[in-house]
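Visitor: One-letter residues, chain by chain:
Number of protein chains: 2
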Amino acid sequence: MKISLDETAGLLEKAQKIIITAHINPDGDAVGSSLGLGAFLMSKGKEVRIYIDDKLPRNLSFLPGYDLIKRLDDERFDADLAVILDTDMGRIGAVSDLIIGKKTLNIDHHISNDGKADYVYIEKRAATAEMVFEIIDYVKAKIPLSVALPLYTGLATDTGFFKFSNTRSYTMMAAARLIDCGVKPNEVSEALEQKPLSVVEGEIEALKTLTMAANGRIAGIFLDYELSSKIESTEGFIDLIRVIEGVDVAVMIKGISPNVCRASIRSKGFDVSKIAMKFGGGGHIRAAGCTLNMPLEEAKKMLLDSLVSALEENK
Amino acid sequence: MKISLDETAGLLEKAQKIIITAHINPDGDAVGSSLGLGAFLMSKGKEVRIYIDDKLPRNLSFLPGYDLIKRLDDERFDADLAVILDTDMGRIGAVSDLIIGKKTLNIDHHISNDGKADYVYIEKRAATAEMVFEIIDYVKAKIPLSVALPLYTGLATDTGFFKFSNTRSYTMMAAARLIDCGVKPNEVSEALEQKPLSVVEGEIEALKTLTMAANGRIAGIFLDYELSSKIESTEGFIDLIRVIEGVDVAVMIKGISPNVCRASIRSKGFDVSKIAMKFGGGGHIRAAGCTLNMPLEEAKKMLLDSLVSALEENK
Numbered sequence: 001m002k003i004s005l006d007e008t009a010g011l012l013e014k015a016q017k018i019i020i021t022a023h024i025n026p027d028g029d030a031v032g033s034s035l036g037l038g039a040f041l042m043s044k045g046k047e048v049r050i051y052i053d054d055k056l057p058r059n060l061s062f063l064p065g066y067d068l069i070k071r072l073d074d075e076r077f078d079a080d081l082a083v084i085l086d087t088d089m090g091r092i093g094a095v096s097d098l099i100i101g102k103k104t105l106n107i108d109h110h111i112s113n114d115g116k117a118d119y120v121y122i123e124k125r126a127a128t129a130e131m132v133f134e135i136i137d138y139v140k141a142k143i144p145l146s147v148a149l150p151l152y153t154g155l156a157t158d159t160g161f162f163k164f165s166n167t168r169s170y171t172m173m174a175a176a177r178l179i180d181c182g183v184k185p186n187e188v189s190e191a192l193e194q195k196p197l198s199v200v201e202g203e204i205e206a207l208k209t210l211t212m213a214a215n216g217r218i219a220g221i222f223l224d225y226e227l228s229s230k231i232e233s234t235e236g237f238i239d240l241i242r243v244i245e246g247v248d249v250a251v252m253i254k255g256i257s258p259n260v261c262r263a264s265i266r267s268k269g270f271d272v273s274k275i276a277m278k279f280g281g282g283g284h285i286r287a288a289g290c291t292l293n294m295p296l297e298e299a300k301k302m303l304l305d306s307l308v309s310a311l312e313e314n315k
Numbered sequence: 001m002k003i004s005l006d007e008t009a010g011l012l013e014k015a016q017k018i019i020i021t022a023h024i025n026p027d028g029d030a031v032g033s034s035l036g037l038g039a040f041l042m043s044k045g046k047e048v049r050i051y052i053d054d055k056l057p058r059n060l061s062f063l064p065g066y067d068l069i070k071r072l073d074d075e076r077f078d079a080d081l082a083v084i085l086d087t088d089m090g091r092i093g094a095v096s097d098l099i100i101g102k103k104t105l106n107i108d109h110h111i112s113n114d115g116k117a118d119y120v121y122i123e124k125r126a127a128t129a130e131m132v133f134e135i136i137d138y139v140k141a142k143i144p145l146s147v148a149l150p151l152y153t154g155l156a157t158d159t160g161f162f163k164f165s166n167t168r169s170y171t172m173m174a175a176a177r178l179i180d181c182g183v184k185p186n187e188v189s190e191a192l193e194q195k196p197l198s199v200v201e202g203e204i205e206a207l208k209t210l211t212m213a214a215n216g217r218i219a220g221i222f223l224d225y226e227l228s229s230k231i232e233s234t235e236g237f238i239d240l241i242r243v244i245e246g247v248d249v250a251v252m253i254k255g256i257s258p259n260v261c262r263a264s265i266r267s268k269g270f271d272v273s274k275i276a277m278k279f280g281g282g283g284h285i286r287a288a289g290c291t292l293n294m295p296l297e298e299a300k301k302m303l304l305d306s307l308v309s310a311l312e313e314n315k
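As given, the protein sequences belong to chains A and B, one line each in that order. Going by the working numbering, the first residue of the first sequence is number 1, and it counts up by one from there. Going by the working numbering, the first residue of the second sequence is number 1, and it counts up by one from there.
Some hints here could point you the wrong way.
To be verified - PhoX-like, lysine-lysine: derived pairs with alpha carbons at most 25 Å apart: (1) Lys14(A) with Lys142(A); (2) Lys208(A) with Lys184(B); (3) Lys184(B) with Lys163(A).
Stated by the list, open to error - Stretch-level coverage of chain B by chain A, calculated; a stretch enters the list once three of its residues show a Cβ under 8 Å from a Cβ in chain A: (4) 33–43; (5) 169–178; (6) 242–251; (7) 283–293.
Worth flagging that the hints you see were computed from the coordinates, not collected in a lab. The beta carbon of each residue, even a glycine, is placed where N, CA and C say it ideally should be.
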């Protein structure tokens, strides 16, 4: 059942023993909104357990309460409410077993949410952390740093440090309020920006393959299976070349096995989802992807040729 | 004479023909606060000329009014007020000649400002654009996009997109208000992030020299004279390695001639100004620099050795 801000605040107010969870493959908003809501409810004297059924990103370990998040538990905890954050119920891993039969409240800024929880509060917002901030602000609570810091982190990560198009006036106003509560933006950014040496080394190897095409309108990087299997995460790699002046389309292809490649395509307006669809993939106008069942060199040639032709046609 | 916000607003209100200028080697805040204030004053029916005696950064060309900024002028313009932004009067190049004998108003967020203008409004703020926003907000003016976009750009650039320690609650609140006036944060960030291909190629060459020392506590990159003379700007290069997990000190040395090198040193808390001073340089605890009169290989060895010893002592 879809509910309002007021009803969401009321449900949280009434509950005494609360489970909080968020999606697997957790990001700053999943962890930040969980910790922020958790710390707030605990400050109100409620009993709270936070479960996320996955490894947590190491660069979030500066957040107060990070060590309290458990993957799963043998303990019997008779929660009277389970809150699912930043996803619908389908992506919480084995935590679904823990909350069987419990009343569920789902708070999420993804409008694709399937709405299957008992109570669902969904809004198109920059981050789930922004919604949690609004709930806390709504009940006029004082916000301790243990709440403010995770919420700010959720806002900052889901908006790419206030750079993405989801950044709205309210997002900045919420950030301003959280800074008033003691958040130091530089400490958050320094903590979040940390990358393992292996990732930076991977970036270097990837950048060495930089290939320009279509008179500088296409930039590509290419990671073979050997290289990509060594790198923890290639998130953000494509942004290193997307920012080159004159580049309309940036592409990264990585081998996910010796004969299968995964391509990510980004544009500044040119519809790349059409190209991705041609190869059985999909996405949006400015961000798309596809899987290519061939070795890297072949995938590179095929995709670049296809992009060059598409750009030619669209001059 | 130091004046208040109220007096500053009053001076601007009274003036009819106004010159605006900012520092040479202009950045987003110099250009953004100039254009923002200029557009605001023009919207009030005043005559305005903006001069900056230097090349403007190309990635700011999306700003409305960018083409109106002149380096100098043969035209005789009888201004009754000259406004110097984001610097004291010592760093405005040949514009000083244009404003001889005119009443000067200096608005700057650098507290190192020498205070030599007739009227000086200085505050420790995130950006001069933030001060201009406050002035406009003080007189309760409606803010058109032509004013809001440059001011937002000034805020965003001087705070490293709201990541630096100068980012305060008021900064975010100002950003929120400017978004309300129509600024699209993603459009600003996309425009600002653009880099020439030559700069990205320079980054790649620099990253290839990545050297770790002191068990991963030091990361360094090294650009010989040949390479560094080909690169438009090495700004931000050191940040590529400063973010490596476990790195306390990041260093970049570049040859500025075959036998002279310039070193930049950054830390996450370890006092690097001491090291820089040892070599005749200086700076702050977390950011320092020095010039080394020797070839790159020698400079690299000497500085790394010195940093390793210093870190050893400070374990």
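Visitor: Look at each hint and say if it fits the structure.
Guide: Against the structure, the hints come out as follows:
1. Lys14(A) with Lys142(A): holds (19 Å)
2. Lys208(A) with Lys184(B): Roughly 33 Å between the alpha carbons, so the hint for lysine 208(A) and lysine 184(B) is violated.
3. Lys184(B) with Lys163(A): holds (9 Å)
4. 33–43: violated (count 0)
5. 169–178: holds (count 8)
6. 242–251: holds (count 4)
7. 283–293: It is violated, with 0 qualifying residues against the three required.
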